[in-house]
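Which chain is which? The protein sequence lines are Y and H, in order. In this text, residue positions in the first sequence follow my numbering: the first is 1, and each later residue adds one. In this text, residue positions in the second sequence follow my numbering: the first is 1, and each later residue adds one.
Keep in mind the hints are simulated off the structure, nothing from the lab. Careful: at least some of the hints might be erroneous.
As the list claims (entries may be wrong) - Only pairs whose alpha carbons sit at most 30 Å apart, straight line, appear in this in silico DSS-like list of lysine-lysine: (1) H:K177 <-> H:K86; (2) H:K86 <-> H:K176; (3) Y:K166 <-> H:K64; (4) H:K176 <-> H:K92; (5) H:K64 <-> H:K176; (6) H:K73 <-> Y:K166; (7) H:K73 <-> H:K92; (8) H:K82 <-> Y:K166; (9) H:K73 <-> H:K95.
What the hints assert, rightly or not - Here are the simulated distance ranges between beta carbons: (10) Y:F189 <-> H:D98: 25 to 33 Å; (11) H:G75 <-> Y:L90: 24 to 32 Å; (12) H:L174 <-> Y:S9: 50 to 58 Å; (13) Y:W120 <-> H:M184: 51 to 59 Å; (14) H:G203 <-> Y:V133: 33 to 41 Å; (15) H:I206 <-> Y:W120: 27 to 35 Å; (16) Y:S9 <-> H:D49: 54 to 62 Å.
Unchecked claim - Rough simulated footprint, nothing fancy, chain H against chain Y, three-plus residues with beta-carbon under 8 Å: (17) 13-26; (18) 105-112.
Built from N, CA and C at the ideal position, the CB exists for glycine as well.
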Amino acid sequence: MHISEGVLSPSILVAGAAVTTAGVVMGLKRLEQKDVPSTGILSAAFFVASLVHVPIGPASVHLVLNGLLGLILGWRAFPAILIGLALQALLFQFGGITTLGVNTMNMALPAVVCSMVFGWAVRPRTPPMLRVVAAFACGSGAVLLSGLLVACSLYWSGEAFLPAAKLIVVAHLPVMAIEGVLTSACTVFLIRVKPELLEGGYVHSASS
Amino acid sequence: MFTVLRHDRCVGPYVRAAVVFFAAVLCVGLSSQPALAHKVTIFAWVEGDTIYTQSKFSGGRRAKNATVVVYDKDGWQLLEGKTDQKGMFSFKVPKKTDLRVVLKASMGHQAEWHIPVEDLVSESEDTAPGTVSEPVHPQADTSVDARARVEVAHERAGAFLSPQDMERVINRVLDKKLEPIQRMLAESMDHGPTVSDVVGGLGYIIGLMGVAMIVTSRRPKDRIRD
């Protein structure tokens, strides 16, 4: 998921940075004081999740958790993911500083899209069965979309689309399954413990 | 996290779950390191006239079947190859110049290693063994003195090694002796993230949360209503 320095062409780097800037502005506008702790904790979760590798499948990949971030944070996933990725680039040398914009776009945009598509179903009032299914779809769908976006970025930089996309999606199949289950489990847990958190992102993005 | 503690009643299990999650992630992430596919590294070293490269993902898994491209210092592609099952790829020195060895693993992963031209000197200044390479000028050649000097040099070559030969032999022996060290270096070139990296990153995030709290508290409409 983390695209290294020197792989992408300058135009896609600039485009990614522009989308990311817009997303971060949207996210910060919606960041109220009471949202700060959850945003920070999920940013930290995203930061460490990349250390959990999934050694199943053709290539070894890692958790992304962007579906979960999108579900809880909505647009605020953009700043949270940007910070997580910046720290990963600085401390772990995953990805790179020049590719920060593109990488953030690739992971945060699917988070927002999935929260818009599936967020309405993961509310404290919706039936539990629907909630679990929607959370699963949100978790795995965000990873799938991220993989496709990575393939698109590589395609615009001159790599063939289909082989790259196929490789990335196949490599991330186990991650998609795990993240779906993880997101479902998290929502089940949060509904019991702190249901306000799940009202959060979507309500804000709808109201403001 | 701390503000959550202050503002909410039913917060115990929430915080506990977060702590457990991070602890679990730290254990899983740092103890077992089968592979970590966000970063590739390539390490190249010269042995005689061959350049060996070793490619791996951080965490130690070898990058199999990845493409290795070699460029000269002007950016011209000299050769291209694929790594084997152990992530190794070796090739003869194609040209005496600064080399840039670029590893292109799948999914947008890329890494490179520079080999300065000085590293290539060892064997590639191949002069034929036993010859004295100092150029003999035609005019100087006629002088008896110069010819005598050359003869003496040739005679000496029978008994001793010429400096060039000596250098070649030493180079070869050194290459052999240093090989395990080179390999060890290649092995230890890259570690995955360490505990201090992770803890440092988490510290940064907590600090940023503090900054965000201060900034948002300046906006009156965002104040938490009791």
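Here's how the hints hold up against the structure:
This hinted pair checks out: H:K177 and H:K86 have alpha carbons roughly 22 Å apart, not beyond 30 Å. Restraint check for H:K86 and H:K176: satisfied, since their Cα atoms lie roughly 21 Å apart, inside the 30 Å limit. Restraint check: the Cα-Cα separation between Y:K166 and H:K64 comes to about 18 Å, which is no more than 30 Å; the hinted pair holds. A hinted pair counts as satisfied when its Cα atoms are at most 30 Å apart, and H:K176 with H:K92 qualifies at roughly 17 Å.
Restraint check for H:K64 and H:K176: the C-alpha separation of about 26 Å stays at or below 30 Å, so the hint holds. A distance of roughly 34 Å separates the Cα atoms of H:K73 and Y:K166; the hinted pair therefore is violated under the 30 Å criterion. Distance restraint check for H:K73 and H:K92: the Cα-Cα separation of roughly 17 Å lies within the 30 Å cut-off, and the hinted pair is therefore satisfied. A threshold of 30 Å between alpha carbons decides the hint, and for H:K82 with Y:K166 the separation of about 20 Å falls inside it, so the pair holds.
Simply put, H:K73 and H:K95 have alpha-carbon atoms about 11 Å apart, close enough for the 30 Å limit, and the pair holds. Restraint check, Y:F189 to H:D98: a C-beta distance of roughly 56 Å breaks the suggested window 25 to 33 Å. For H:G75 and Y:L90, the Cβ-Cβ distance of about 28 Å falls inside the hinted range of 24 to 32 Å, so the restraint holds. Checking the proposed 50 to 58 Å range against H:L174 and Y:S9 shows it is violated: the Cβ atoms sit about 43 Å from each other.
Checked against the given bound of 51 to 59 Å, the beta carbons of Y:W120 and H:M184, roughly 57 Å apart, stay inside it. Checking the proposed 33 to 41 Å range against H:G203 and Y:V133 shows it holds: the Cβ atoms sit about 38 Å from each other. At about 32 Å, the CB distance of H:I206 to Y:W120 agrees with the hint of 27 to 35 Å. For Y:S9 and H:D49, the Cβ-Cβ distance of about 36 Å falls outside the hinted range of 54 to 62 Å, so the restraint is violated.
Look at the region 13-26 of chain Y against chain H: 0 of its residues bring a Cβ nearer than 8 Å to a Cβ of that chain, fewer than three, so the hint is violated. By the rule of at least three residues with a Cβ nearer than 8 Å to a Cβ of chain H, the coverage given for the region 105-112 of chain Y is violated, with 0 such residues.
Hint check: violations occur at hints 6, 10, 12, 16, 17 and 18; the rest are consistent with the structure.
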